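So the sequence lines, in the order shown, correspond to chains A and B. Under numbering that gives the first Met the number 0, the final residue of the first sequence carries the number 447; numbering is consecutive throughout. Under numbering that gives the first Met the number 0, the final residue of the second sequence carries the number 447; numbering is consecutive throughout.
These are computed hints drawn from the structure, not numbers from a lab. This one's a predicted model, so the numbers in the text were calculated from it and none came from an experiment. The reader is advised that the hints may include incorrect statements.
If chains are identical, the list can't say which one is meant, so a pair holds when it fits in one copy or spans any two.
[Claimed, not checked] Below, computed lysine-lysine pairings styled on DSS-like, alpha-carbon distance capped at 27 Å:
hint	residue 1	residue 2
1	K55	K431
2	K69	K55
3	K431	K69
4	K190	K62
5	K377	K193
6	K190	K69
7	K198	K62
8	K190	K381
9	K133	K62
10	K198	K377
11	K262	K379
12	K55	K198
Protein chains: 2
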Amino acid sequence: MQRITPRTLSGFMELLPARQAQMDAVLDVLRETYELYGFAAIDTPAVEAAEVLLAKGGGETEKQIYRFTKGDSDLALRFDLTVPLAKYVAMNYGQLAFPFRRYQIGKVYRGERAQRGRFREFYQADIDVIGDGKLDIASDAEMPAVICDVFRRLGLERFCIRINDRKVLNGLFAYLGVGGQTGAVMTAIDKLEKIGREKVSALLTDLGMTDGRADELLDILSAPDPMGALEALAGKCPALDEGVAELKAVTGLLPGLGVPDDKWRVDLTIARGLDYYTGTVYETQLLDYPEVGSVCSGGRYDDLAGYYTDKKLPGVGLSIGVTRLFYILQEQGLLNEAILTAPCDALVIPLGDDPLYAVRCAAALRAAGVRTQVYTEKRKVKAKFAYADKLAVPYAVVVGEDEQAAGVVGLKDLRSGSQVTVPVEEAAAIVKRSLNDPARPVKEKERI
Amino acid sequence: MQRITPRTLSGFMELLPARQAQMDAVLDVLRETYELYGFAAIDTPAVEAAEVLLAKGGGETEKQIYRFTKGDSDLALRFDLTVPLAKYVAMNYGQLAFPFRRYQIGKVYRGERAQRGRFREFYQADIDVIGDGKLDIASDAEMPAVICDVFRRLGLERFCIRINDRKVLNGLFAYLGVGGQTGAVMTAIDKLEKIGREKVSALLTDLGMTDGRADELLDILSAPDPMGALEALAGKCPALDEGVAELKAVTGLLPGLGVPDDKWRVDLTIARGLDYYTGTVYETQLLDYPEVGSVCSGGRYDDLAGYYTDKKLPGVGLSIGVTRLFYILQEQGLLNEAILTAPCDALVIPLGDDPLYAVRCAAALRAAGVRTQVYTEKRKVKAKFAYADKLAVPYAVVVGEDEQAAGVVGLKDLRSGSQVTVPVEEAAAIVKRSLNDPARPVKEKERI
């Protein structure tokens, strides 16, 4: 037979089982946290009609898209979960209750140039709240609460959610006489961290911000107390006042929502996508790894699905690039290597060759909720234990002729080496108690 | 703006949120049951190099495949989870512990002619046990146990797992002198249910089964006690003896594995894929809906990955076409419509316009593990309750000025209409008790 070399495409993450167990634990945290906030799961196809997916049109995305024909259909792989959401809401408008709160965790595809830490197939985990005609600002305050919960449940504490409002920026620009050049001004401001204040100031002056206006803007944007700096401008520009009122409404609810003060701050320099967000915007930084950029972003938009429907559907949402986040956690050593990644809690090891008593014991363990495998290969006992070691299984349930005759099992804790001889029901109870012990070294969803 | 009509491709399942909750409950049952048996999750890309995916070559599949180029890469969407498993095991051979037990639940793609109940994108849920060089027959016995557990946890009792062994068929054919025409004989036998015994007998006679051999074969295949019929032939053909010994080993372990006698039977007429399976084979019928065919099939194969590696990797596995199964359950009214499909357990309803006390209460409910949403739109109280009704939320947590002043909430059971005024922590406890009540009408994973 002619052999083909098996390989996985570059830019496509594929993990060994123990690592996959950690990835799945991350996805479980996301799912559980999103559900805790009352978001409903939806699942849209990975393949859509190209015309539908590209209805919005657009730039970078269109170049990266996987597009192909099948028969006479022009198809494409989804490149995000937002366009499919817009399609879903527009199609099912009459059957949804608004505000419509959905989460979706799924793979998306972008044919980017392959490079370290960049993926062509990756999981996004999105939440959005969609209003019918309007949506109260209180929903915007919920997003940082969800982000905060997600990251803490992932075992991370050193992060900061940066919050801004596009209306504040637009108001400031209008007040400072560059309201017509929002895009160019934002592009300049976006370079603050990279090229420094002086060069940005020069860029802004080139844009017409003379007579100290560039410095006035930069002073406000980088003020230690940005809310104070904004309030000093109260009454000077209605558009700015509106933005500041929104930002105050959002940040005012955060303590009530349980977001600690050290987990967020107003940062007037962030803007996100220029053509999409219209109000609140969020970014999330890992404080010890600023070089990786934002690991969770989102914001408020006026019009989710204008290219599909004449219904006005404002919303607010956020997106986590899970594959990239997992890659970063792994690279930075932030995954908890102590959690149980074994595929089972107990491995039943028959000392002899007849598996009947062993499978009976396994059935009893499973009936009690213990994840159980039986080792049924006819190999030496030493090889059977080596298998348990390789998989890092916490318990061996050893059954030989003596155990069978006495109707018991030998339960061996493979971490401590201690062994007891007990009826199988008691063995199940011991394993389950150990699994539920808060100090258990086994799969725990609370800490990845 | 020019509008595009939003649509979802034909043959691609997309569900409304309440239905999606039921689908997700089915996927949860599969995941939990597979994990209970000690299978490890893997997740392979949906896109692979076409050369790798089509290494085995092949007929129907190749016509149905979604294949396309991106840059100079010849790519394809996976059409099953078995080829990606073969790739994975061949690639990672040195890093896996054998027997390697993996499960994978994921979407696969087949560009079939669209028809009712046929899907082009659908979930498969596979388990396989892969041996290194050899794999004991005991693993074959585990498959019916897993199937049985899955279907019972899905709330189904009226099903039957049909078990056969390809070696028994091959032995029978050799014994009856048509060993060289296995394929043609199997094709004829496969028509038994469709065209009846007489016509199949004529087909077999055409294949050279004269002198009553066609009838002898059909008598054995349709014997009320197939194992008895086979044992009457003991010693007459070594190949047959080997097959019968396997079938006895598999069926002999089923009671010990907890598979009730009425959930399985030996059926010598099933064969599954002719070029792939080499030993035990399984099919699963829903007894009241025989017309839908097998809803869970699988079997033993000698060589998982011969087109990738010279390692001999025998295995046994099964596959459930989850999207089709869900479609059938839905069509036949077999989904439990009483389970909670609401996106939250409690909806906090502020009677006034200030959401601060409401979001505080929501944070407390979430901290206690109650899935909670706050209704923060500024609408009439009646509209707020109508929203809860539309989503079928079981509890409303009503907070007005009086409740805030007294530090309590009004907890209303929206199913019974009863209401109590209690501190929020007690409200959380009541909701949680109700969720954990075995008689609870809320999301229960045990019964879809």
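Right, here's what the structure says about each hint:
1. K55 - K431: neither (52 Å within a copy, 44 Å between copies)
2. K69 - K55: both (23 Å within a copy, 22 Å between copies)
3. K431 - K69: So K431 and K69 fail the 27 Å test inside a copy (51 Å) and across (50 Å) alike.
4. K190 - K62: Within one copy only: 25 Å inside, 51 Å across.
5. K377 - K193: neither (63 Å within a copy, 43 Å between copies)
6. K190 - K69: neither (44 Å within a copy, 33 Å between copies)
7. K198 - K62: For K198 and K62, the Cα distance exceeds 27 Å both inside one copy (32 Å) and across copies (59 Å).
8. K190 - K381: neither (62 Å within a copy, 50 Å between copies)
9. K133 - K62: neither (34 Å within a copy, 48 Å between copies)
10. K198 - K377: neither (73 Å within a copy, 46 Å between copies)
11. K262 - K379: neither (55 Å within a copy, 35 Å between copies)
12. K55 - K198: neither (35 Å within a copy, 60 Å between copies)
Checked against the numbered hints given earlier, this structure breaks hints 1, 3, 5, 6, 7, 8, 9, 10, 11, 12; the rest are met.
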